[in-house]
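Novice: Note that the protein sequences, when read in sequence, are chains D and H. Residue numbers for the first sequence follow this note's numbering, so the first one is 1 and each next one is one higher. Residue numbers for the second sequence follow this note's numbering, so the first one is 503 and each next one is one higher.
Among the hints, erroneous ones may be present.
[What the hints assert, rightly or not] Only pairs whose alpha carbons sit at most 35 Å apart, straight line, appear in this in silico DSBU-like list of lysine-lysine:
1) D:K235 / D:K362
2) D:K11 / H:K513
3) D:K488 / D:K468
4) H:K513 / D:K441
5) D:K11 / D:K235
6) H:K943 / D:K11
[Unchecked claim] Across the chosen pairs, the derived CB separations fall in these ranges:
7) H:R895 / D:G107: 49 to 59 Å
8) H:A548 / D:T479: 23 to 33 Å
9) D:S433 / H:P507: 27 to 37 Å
10) D:R300 / H:A548: 35 to 45 Å
11) H:R939 / D:A103: 18 to 28 Å
Please keep in mind that the hints were generated in silico from the structure rather than gathered at the bench. Where is the CB? At the ideal position from N, CA and C, for every residue including glycine.
Protein chains: 2
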Amino acid sequence: MTEKPNTLRLKRLGIDTHQEAIVYMRHDCLVCRAEGFSAQTRIRVANGTTSIIATLNLIAGDLLAYGEASLSEAAWTRLGVVDGGEVTVSHPRPLDSLSRVRAKVYGHRLNGEGLAEILQDVVDGRYSDIHLASFITACSAQRLDRDEMIALTRAMVDVGDRLDWGTSPVVDKHSVGGLPGNRTTPIIVAIVTACGLSMPKTSSRAITSPSGTADTMETMAPVDLDLDTMRHVVKKEGGCIIWGGAVRLSPADDILIRVERALELDSEGQLVASVLSKKAAAGSTHLVLDLPVGPTAKVRTEVDAETLGAHLMGVAEAFGLTTRVVRSDGSQPVGRGIGPALEARDVLAVLQGAPDAPLDLKDRAITLAGALLELGAAAPEGGGVDLADAALRDGRAWSKFQAICAAQGGMRELPTAAHTRPILAGRAGRIASIDNRRLAKAAKLAGAPDAKAAGLELHTHLGREVAKGEPLFTLHAETRGELVYALKYTENHTPIIRIGEG
Amino acid sequence: MTEKPNTLRLKRLGIDTHQEAIVYMRHDCLVCRAEGFSAQTRIRVANGTTSIIATLNLIAGDLLAYGEASLSEAAWTRLGVVDGGEVTVSHPRPLDSLSRVRAKVYGHRLNGEGLAEILQDVVDGRYSDIHLASFITACSAQRLDRDEMIALTRAMVDVGDRLDWGTSPVVDKHSVGGLPGNRTTPIIVAIVTACGLSMPKTSSRAITSPSGTADTMETMAPVDLDLDTMRHVVKKEGGCIIWGGAVRLSPADDILIRVERALELDSEGQLVASVLSKKAAAGSTHLVLDLPVGPTAKVRTEVDAETLGAHLMGVAEAFGLTTRVVRSDGSQPVGRGIGPALEARDVLAVLQGAPDAPLDLKDRAITLAGALLELGAAAPEGGGVDLADAALRDGRAWSKFQAICAAQGGMRELPTAAHTRPILAGRAGRIASIDNRRLAKAAKLAGAPDAKAAGLELHTHLGREVAKGEPLFTLHAETRGELVYALKYTENHTPIIRIGEG
Chain D
1 MTEKPNTLRL KRLGIDTHQE AIVYMRHDCL VCRAEGFSAQ TRIRVANGTT SIIATLNLIA
61 GDLLAYGEAS LSEAAWTRLG VVDGGEVTVS HPRPLDSLSR VRAKVYGHRL NGEGLAEILQ
121 DVVDGRYSDI HLASFITACS AQRLDRDEMI ALTRAMVDVG DRLDWGTSPV VDKHSVGGLP
181 GNRTTPIIVA IVTACGLSMP KTSSRAITSP SGTADTMETM APVDLDLDTM RHVVKKEGGC
241 IIWGGAVRLS PADDILIRVE RALELDSEGQ LVASVLSKKA AAGSTHLVLD LPVGPTAKVR
301 TEVDAETLGA HLMGVAEAFG LTTRVVRSDG SQPVGRGIGP ALEARDVLAV LQGAPDAPLD
361 LKDRAITLAG ALLELGAAAP EGGGVDLADA ALRDGRAWSK FQAICAAQGG MRELPTAAHT
421 RPILAGRAGR IASIDNRRLA KAAKLAGAPD AKAAGLELHT HLGREVAKGE PLFTLHAETR
481 GELVYALKYT ENHTPIIRIG EG
Chain H
503 MTEKPNTLRL KRLGIDTHQE AIVYMRHDCL VCRAEGFSAQ TRIRVANGTT SIIATLNLIA
563 GDLLAYGEAS LSEAAWTRLG VVDGGEVTVS HPRPLDSLSR VRAKVYGHRL NGEGLAEILQ
623 DVVDGRYSDI HLASFITACS AQRLDRDEMI ALTRAMVDVG DRLDWGTSPV VDKHSVGGLP
683 GNRTTPIIVA IVTACGLSMP KTSSRAITSP SGTADTMETM APVDLDLDTM RHVVKKEGGC
743 IIWGGAVRLS PADDILIRVE RALELDSEGQ LVASVLSKKA AAGSTHLVLD LPVGPTAKVR
803 TEVDAETLGA HLMGVAEAFG LTTRVVRSDG SQPVGRGIGP ALEARDVLAV LQGAPDAPLD
863 LKDRAITLAG ALLELGAAAP EGGGVDLADA ALRDGRAWSK FQAICAAQGG MRELPTAAHT
923 RPILAGRAGR IASIDNRRLA KAAKLAGAPD AKAAGLELHT HLGREVAKGE PLFTLHAETR
983 GELVYALKYT ENHTPIIRIG EG
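Okay, chain D solo, but in the shape it has when bound (with noise of 0.2 Å):
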């Protein structure tokens, strides 16, 4: 112990927790007696001003010395110290806001000041995973009512960054509910902006999934642009594609979704909150919201659509963005690459109007650009089909792009894998099924997101023939190692394409 009181000096020991924040102290640390902390005790750390709350870990052995204390890396780079730097502990002020969330348990409605209290705590980082998981269930249990959805989604808003682009339209789009491979992004932005409209896309990177939009925007340009960057680039180009986490919007978001993907926990008014207060921050005035229905999707029927819809509609209407929803087709993966590069290869093969482009790929994003450029008056109503079919094939939408990739900082080149292996139909038919979660998770055994050259190209896809010994799909992985362990996977769990009668 120091002479200051509750004063310790770090020693980094490198330990990640992903975004938990954990403060480590010796078993037998003074201040932990004095104060009476002890194992996952929730603890104030303040680095001068600057204060983030953590859970405490003892350290039993000789990690640190007397008179240290180490945080988790989240920690150590919210509260911006340094090795050997001295912070201050002590007990936090009590969670008020947890008698809101214990008030909505009991089945009370949450009003906006209640929201905004608890979202607060949220971005401030003073819920745990257990008041986190609490507060997304209660709003699961006694489900959310649009009021309560409109001031949840303006609670979300406010404790974070908001963009203004001091022009209007600003388009944007979302997919509620990835499927495998469905970039559209990259080429809706192209088309949209190449036909004078506004589309500033903040997209985000792969948690569970072989690529996020971001993760496939990369292999093709720089993502991780700052504020100030991004708006040179919107305002050369008109839109840009890059990673959200640089700018912060919704930053409660981020923090609550990974917890309703532990519970696997998703409902209505969370969605629709974490959906538009992402759009309503970035600055967005008019929004197509894509919902693929199908029986592994999200959206698994056309009345759950058709809810979620209405939801989608009344609360965008109360945060004055002009919105249309669009179902799709959920029901088989997206293109022929899945894993960043492999992605980025469909997406510039529909650029470029490539012979062997993939269709539905190409399909999907024209008939969403065409509800964008309706929707900021672009087009005629009807006529945004069209248009966007047009900017695609005379190559405007590709010299767009190309512009937007050198604001970025520059077109690259994609990367190859070093490694591939054919996966060959074991006899003759016609496809019966396909598994998106295994396919996703063999990609990810191959290296992606992280090695960018690697995952999968699908060769078929759902009612069609296969000869014996044709190839069904091929695994592109960057090492040897990898390779092997996805090709074990595979072999592993057959059928992953099921092939039934001819």
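Chain D is fixed; fit chain H onto it per the hints.
Specialist: Just chain H, lined up with the frame of chain D:
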């Protein structure tokens, strides 16, 4: 990486995360890459045929060499591993029971089969904090009905050990929502066993309070007995007062209760299952339940006490437990001492019939012991209190208590604190209120419950007159530093005891 796939060598880092199982692996570990593990992934860690589920933390520095892994202390113990030993890591099987939790979230009733699956996964350590919090929240938001309470209680009993004493009656008591200093248990066990009833009592240690019954008892005799020793003591003396942690009764309750506390959620259904699963597992047949009712107690109103009492009786009946509910005053601390040895001093004063023994503690013990004596047919209906009082007055209870302590390993001398400091009344007047929460905090800062002699001694009660300069309470600490620390807290949180007009 060793030759065997997914095998890692263990290095003990000594990180105490309380109950949470964490596995530490290098961020550039080949197994992580191959399996697709990332920070916070839930991983199955196996030592031969024993396995646990742990959350992954990644180490960026040199704490671990290639091919090494580590475990949090809780995981280390549960897996029974040694430094340098090997473990294998893999993906756990899917957590299927989570679909039962989700069904409850969405308003479906839980049946016995569903609850059994959930509770099995809970005790197997397969639920992370996120999953536990969701289950607890769901059971509060979608109230458990009587049948669900019974099924939850049964599931909690079934996943642990169950004692059978081969005799009846086996009596027990429980106070719902403890008051500071309310250490009636050792007195009650002494009285009813002196009167011929069997009362094998397991108690808990403090988690957030300055002392649990097991902590207090431990200053008078060993409490850390295994099942065989416990049986021996009960056979010889008819009763015992031991720590319940050594025998595995309703282990799911220990896991759930920590999360309930963090959420400050304590639904009727979970409270009923928590109390009664422990009693049923302990082999009790006759049960007295003490419900202290007061504005800052767990049960706030007579109406709440009525409803809760009915559920407790109903579920107890389903397990064949003959039960009586006794309501008591829950408005202020009981006795004088707060802290292990100081509470033990009150207990001994009552048992020894000391003239200055705290009357409130004695009266409560006699009331509850009287109810148990009637319930267990050791006294006629209406004659329990007189018998209890007599057993206390004529020294039978004191003799029995000494015999029990001897059987548990020998009666101990109470430790006394080296440092004490009285806190004086700043003015004359009548005691208007006592802040139980802050009193408990001061006792903990003075070192309780780890420092057995530490805590505080109350010199007054609600409604009493005090003169200016008269001591209100005395702080007890084993070290000078802790005394100063508790003193500072007391000075900064004046008044803990509020004095009104005389």
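Novice: Now, for every hint given, state plainly whether the structure supports it.
Specialist: So, going through the hints one by one against the coordinates:
no.	hint	verdict
1	D:K235 / D:K362	27 Å, holds
2	D:K11 / H:K513	20 Å, holds
3	D:K488 / D:K468	21 Å, holds
4	H:K513 / D:K441	31 Å, holds
5	D:K11 / D:K235	45 Å, violated
6	H:K943 / D:K11	31 Å, holds
7	H:R895 / D:G107: 49 to 59 Å	52 Å, holds
8	H:A548 / D:T479: 23 to 33 Å	27 Å, holds
9	D:S433 / H:P507: 27 to 37 Å	30 Å, holds
10	D:R300 / H:A548: 35 to 45 Å	36 Å, holds
11	H:R939 / D:A103: 18 to 28 Å	21 Å, holds
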